[in-house]
Amino acid sequence: MEPLSNRKKNVAQKEMTLSERMYLPAIAQGLGITLKHFFKKKATINYPEETRQRSEIWRGLHVLKRDENGAERCTACGLCAVACPAEAITMTAGERKAGEEHLYREEKYAVTYEVNMLRCIFCGLCEEACPKAAIFLQDDKLAPARYERDEFIYGKDRLVEPLKTTETK
Amino acid sequence: MDSVLLIYKGIYILAIFGISLLIATYSTYFERKIAAFIQDRVGPNRAGPFGLLQPLADAGKLFFKEEFIPARANKVLFILGPGIAMLVAAMSSAVIPFGDTLILGETTFDLIAIDVNIGVLYIFGVVSLGVYGLMIGGWASNNKFSLLGAIRAASQNISYELAMGLSLIAVLMLSGSLSLKVIAEQQAGFNWNIWYQPLGFLIFLICAFAETNRTPFDLPESEAELIGGYHTEYSSMKLGMYLFAEYINIFVASAVMATLYFGAYNFPFMENLRNAFDDPVLGNNVVTILGVGVMFAKIFAFIFFFMWVRWTLPRFRYDQLMKLGWNILIPLAILNILLTGGGILLYDYFTKG
Chain A
1 MEPLSNRKKN VAQKEMTLSE RMYLPAIAQG LGITLKHFFK KKATINYPEE
51 TRQRSEIWRG LHVLKRDENG AERCTACGLC AVACPAEAIT MTAGERKAGE
101 EHLYREEKYA VTYEVNMLRC IFCGLCEEAC PKAAIFLQDD KLAPARYERD
151 EFIYGKDRLV EPLKTTETK
Chain B
1 MDSVLLIYKG IYILAIFGIS LLIATYSTYF ERKIAAFIQD RVGPNRAGPF
51 GLLQPLADAG KLFFKEEFIP ARANKVLFIL GPGIAMLVAA MSSAVIPFGD
101 TLILGETTFD LIAIDVNIGV LYIFGVVSLG VYGLMIGGWA SNNKFSLLGA
151 IRAASQNISY ELAMGLSLIA VLMLSGSLSL KVIAEQQAGF NWNIWYQPLG
201 FLIFLICAFA ETNRTPFDLP ESEAELIGGY HTEYSSMKLG MYLFAEYINI
251 FVASAVMATL YFGAYNFPFM ENLRNAFDDP VLGNNVVTIL GVGVMFAKIF
301 AFIFFFMWVR WTLPRFRYDQ LMKLGWNILI PLAILNILLT GGGILLYDYF
351 TKG
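Sequence order for the protein chains is A and B.
At position 59 of the first sequence (counting the first as 1) the number is 59 in full-length UniProt numbering, and the numbers step up by one without a gap.
At position 153 of the second sequence (counting the first as 1) the number is 153 in full-length UniProt numbering, and the numbers step up by one without a gap.
Same shape as in the complex, but just chain A (with noise of 0.2 Å):
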């Protein structure tokens, strides 16, 4: 019959010759492989003490940025929970009352602020959202694994950015 392609193959199964019978030149060069592997460069990163390289874009975990006074950014206009597709955010505002300023940017703040890292995809779209530059991801944290699942509700605890002292600043 006449071939349909070019690629026709022949599979006869051919009669082994002495040297594959004894399979020891085999053996050899399967020694030679490992060894060779043996001395190679180890595709292993030590995580704790070294991290992979991210990307500069990379979108780690939300931080809750405060001005240059020291005071929160965060409205709570709730425009990055409106723009969050996976609804990870809940917020409930608060006014400010006389002598907070220093706490506080404006007048209406965020009261509770809670991200939920379960639900969270890490799409960065909050962090466009927002008007008054208040949420980024950082590129250099990440949501750690957790025993307890009400451990991966962040609220403002552990997303607004720690007070600068004098010293760091």
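There's no promise every hint is true.
[Claimed, not checked] Rough simulated footprint, nothing fancy, chain A against chain B, three-plus residues with beta-carbon under 8 Å:
1. 37 to 49
2. 300 to 313
[Unchecked claim] Where chain B lies over chain A, by a calculated footprint (3+ residues, C-beta under 8 Å):
3. 28 to 38
4. 42 to 53
[What the hints assert, rightly or not] From chain B, some residues computed to sit far from chain A (all C-beta separations above 10 Å):
5. Phe17
6. Asn74
7. Asn143
8. Trp195
9. Tyr196
10. Ser235
11. Leu273
12. Thr340
The hints are simulated quantities; they were obtained by calculation from the structure and are not laboratory data.
All C-beta atoms in this analysis are idealised placements derived from N, C-alpha and C, irrespective of residue type, glycine included.
Based on these hints, arrange chain B on the given structure of chain A.
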């Protein structure tokens, strides 16, 4: 005089026992390290510097695991199994000459625990007892898979012991002695048996792999087919004893191969070094101490080879294993005996007229 010798032998036997345990312990570490390196990983590196405390951590873990004995198991035999495996493994290093003689003051110390004139037979007898440990353990577990593993271990050991013994006969024909010490002394300098017995060594090496149940002959514990083979039901330190016995067996097999084929403690130019010293006692002691180092270097090289092969070759199929043992290795070993005998006759004919 006798009491000095007795105390010395006691200390020496304890030292050899300790060294073989230490080497077995660290074999587990190096096995994992070598496996990792061959697979482009780094291996255990968390416990201590370079992970050197890993064997201690493993042993500690094994000791604290639950000692489980199956309800329908034969309790006495179940406990006896790993004990026999361990005892037999530790016994066999007694007749191996780890070094020549050490002269301290007036007395000469042989660096061998028991210098019996049937050393090779002793090793064979003790090593073939080792299969009882596996057999009893596998049978006492009252489990199909354990029993299958034990049967495989027994039939494999019996099959390969034949080829091993036949390949050894050629060496014994050359040496004319069954004492490992005499065989070692005959290979002085670079006059090693491997130059006369390359085929015999190859057969012995393959059989040593089969005798120690190492890949590619680890069918008794092939986890893909038999869960864990003869140690399926074992846990805690009883399992640890089985694993430990395997590593001690590797150490002993390496030592035997180094002694029989690779000149034991002998190294090239050792006579020149001995004569370079004015004091014959000092020369003898320096050469002996170097020789012990050389012996252990050879043993470690063999242990590395065992592990290297394990992480290179896949496992045999059972019928292939039997075919290799009975149809190929035994005829080859007999051929080797014939060739050696012919060679000895020709040599005598031309040298002695």
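Here is how each hint holds up against the structure:
| no. | hint | in the structure |
| --- | --- | --- |
| 1 | 37 to 49 | holds (count 7) |
| 2 | 300 to 313 | holds (count 5) |
| 3 | 28 to 38 | holds (count 7) |
| 4 | 42 to 53 | holds (count 4) |
| 5 | Phe17 | 32 Å, holds |
| 6 | Asn74 | 41 Å, holds |
| 7 | Asn143 | 34 Å, holds |
| 8 | Trp195 | 19 Å, holds |
| 9 | Tyr196 | 20 Å, holds |
| 10 | Ser235 | 27 Å, holds |
| 11 | Leu273 | 32 Å, holds |
| 12 | Thr340 | 21 Å, holds |
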